[in-house]
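Participant: Each chain, letter by letter, is given below.
There are 2 protein chains.
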Amino acid sequence: MSGIKIKPQTLKGFRDFLPETAIVRNTIIGKIKTVFEKYGYDPIETPAVEYAETLLGKYGNEANKLLYLFKDKGERNVGLRFDQTVPLARVVTQYPDIPKPFKRYQIQPVWRAENPQSGRYREFMQCDIDIIGSISPLADAEIIACSLNVTKELGLKTEMWINDRTIFDNLGLKKEEIIILDKLDKLGKESVIQELVQNGRKNAEQIFQKLQNSEPTPKLTEIFASLESQGLNKDQDFLFTPFLARGLEYYTSTIFELKVSNNYLLSIAGGGRYDNLIGLFIGTDTPAVGIAFGFDRLIDVLTQKNPTLVKKSITKVLITIFSKDFLSNSLKISSNLRTSGINTEIYLDLTAKLDKQLKYADKKGIPYVVIIGPDEVAKGTVQLKNLQTKEQKEIPENVIPDLIRNL
Amino acid sequence: MSGIKIKPQTLKGFRDFLPETAIVRNTIIGKIKTVFEKYGYDPIETPAVEYAETLLGKYGNEANKLLYLFKDKGERNVGLRFDQTVPLARVVTQYPDIPKPFKRYQIQPVWRAENPQSGRYREFMQCDIDIIGSISPLADAEIIACSLNVTKELGLKTEMWINDRTIFDNLGLKKEEIIILDKLDKLGKESVIQELVQNGRKNAEQIFQKLQNSEPTPKLTEIFASLESQGLNKDQDFLFTPFLARGLEYYTSTIFELKVSNNYLLSIAGGGRYDNLIGLFIGTDTPAVGIAFGFDRLIDVLTQKNPTLVKKSITKVLITIFSKDFLSNSLKISSNLRTSGINTEIYLDLTAKLDKQLKYADKKGIPYVVIIGPDEVAKGTVQLKNLQTKEQKEIPENVIPDLIRNL
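Chains as they are written, first to last, in the working numbering: chain A, 2 to 408; chain B, 2 to 408.
In silico DSS-like cross-links for lysine-lysine, where the CA-CA straight-line distance does not exceed 25 Å:
id, chain 1, residue 1, chain 2, residue 2
1, B, K72, A, K74
2, B, K333, A, K34
3, B, K32, B, K306
4, B, K364, A, K34
No wet-lab data here; the hints were simulated from the structure.
This is chain A alone, in the form it adopts within the complex (with noise of 0.2 Å):
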């Protein structure tokens, strides 16, 4: 095979997650996941691969842009995910005999074809619940109270951001001016009314104040009494914010963003209440809210604020090996170590002097190291050494398993 050399390159726009990356990632999924339990979601998976005609449904052709299309080998036209809320529009229409309110929860890579110059990435993570099914505002509730749980269960503070969309439909506000109104906490109140006037709007002034002044909207109240039953504070926890607009046309009333607290330029989840968007398959439409969280901002606002969230490596111990003839005793105490839960590895060369042995660990970020040769062996004992602090010191075997799950 020799002569071929390939260049090995990840593609632009394209990530490896190494392990340092890996299990952070891995970690942070587990800990959403729990909580998209406890609220009662189950977990569904779908094909990365839909017919064109499903994912351009939603889009139209603005969209075609961003979607990775082709042909499959019978010449079908399809493309790649570009969303987990398509995908599932498909599915409660596919099966029709899912139980509603179906309540699931989706945890999936997506792609789109975004300019890798702009720091955004073709291949994404998303972490979506939805309700299907259900035109009661204890859905909306409970998607808000479920994903303020999730970023408590991370340690992050965060608050809901909460409108209605029919405020602005009341208000006679037209689609381009919504779109200015949400930029508020961007460009502030001052440019934000001159762009209305730009557009064309004579009383921007007047219509700035009144949807400041706007009160919550019957639904709003119902969504903000159940939040506040859940021990959810008003003003705190989630707020009605009436500027509050999100760019996705396909949301009907309820819409929201979970901004982390002190930094509201940093949204790390939207969503809302779409009840048409199923209709595009069914023919009938069928209510539906939900989020979606944008796992990779997540993970960087998490890993900022706690840098030792980050791991190199999982494993808690490295065995080393002292020569071929203690090569048994090495083996049985990973063993031994892994049966009681513990993460071990072996170093797997028989010839290598314990120095390479130990800069390996320390390299991979292994954390202890466990020394076995003859004297150890004919004392029953082993070395237990703490990389970090350079203490090393002599214990019994049988006790190692017990100590270092303990550390």
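Put chain B on the given structure of chain A with help from the hints.
Facilitator: Positioned in the frame of chain A, the structure of chain B alone reads:
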């Protein structure tokens, strides 16, 4: 959005995993990961999309028809990952600073444009462990021991069939002859010898006997000794099987296949040593050994053996709603149960009769239901109903979390 109506359909050869299949998959993946980590393997993830050049390097044009190739938006020739070994080879070459030996696990979907009529899927999960950068037979032994431990933890009796390809080389066997010999357990001795003769081998009977009487190579002897040191038994947990060949051309010496005991035609994992593959990228060869579990087959075997693994929902209890007046009571109990770590769903429709709520829990596979109405609220109790036994009893509200957790 009305009037567009898209036909909701999964592409042939692709699958949706609804809760009933997704839950058991998640459970099994969790157990597999735990064992991989216990043996000191760290996770990595690679993107679904790779340069076509990378994917084609290993398999050449033969596999072209099974690859999903398409154009990236920058008009680069790309494709979907076909296995996890080629991305691993790319990764270890792209990041030369990864400490060696590099022990990683990877559990991600792969895509192959197989003929869906044959019952094969076009997207399926693989679970791989590999050790890169060690020529030691201890590495081969560890891959084997870890794999046997995976199935042990899953409650499945298996045995590892082991061979060394250099035995074929030493007998001067040709590639096509090896493929014929590999069919022994499917065809039987007579047919295999007949095929060898048809293929031009005059001393077929003699070659067959020679192979049957062949001894393990020194390398295999070392692997077997290491396995025995770890408490595994020859001819029980692992066997020397001189007829085992395995299809993939890139294996260089050790090859192995994990068979379900008492059902030798069923392989659930396969692997071996491939010391030349990484040379495709790096120019110089890098030793490597690993195994891939066929996740679909593993799930099939496990769920056939133990149907109780299959659950329609992870949710343990449904909290019903009596009326709007008692909603906050139901919400509070839900919060308490979740805080106690119990997966809890609250019924979301305020107007539904109790009977409808019970039917929903039953259809969804939720085992317990909590009923709370005016009488219970007055007494500080709830009704707990077991949907399987239909048994219902009144219990003080404050003992509910402990009670359900222990059910």
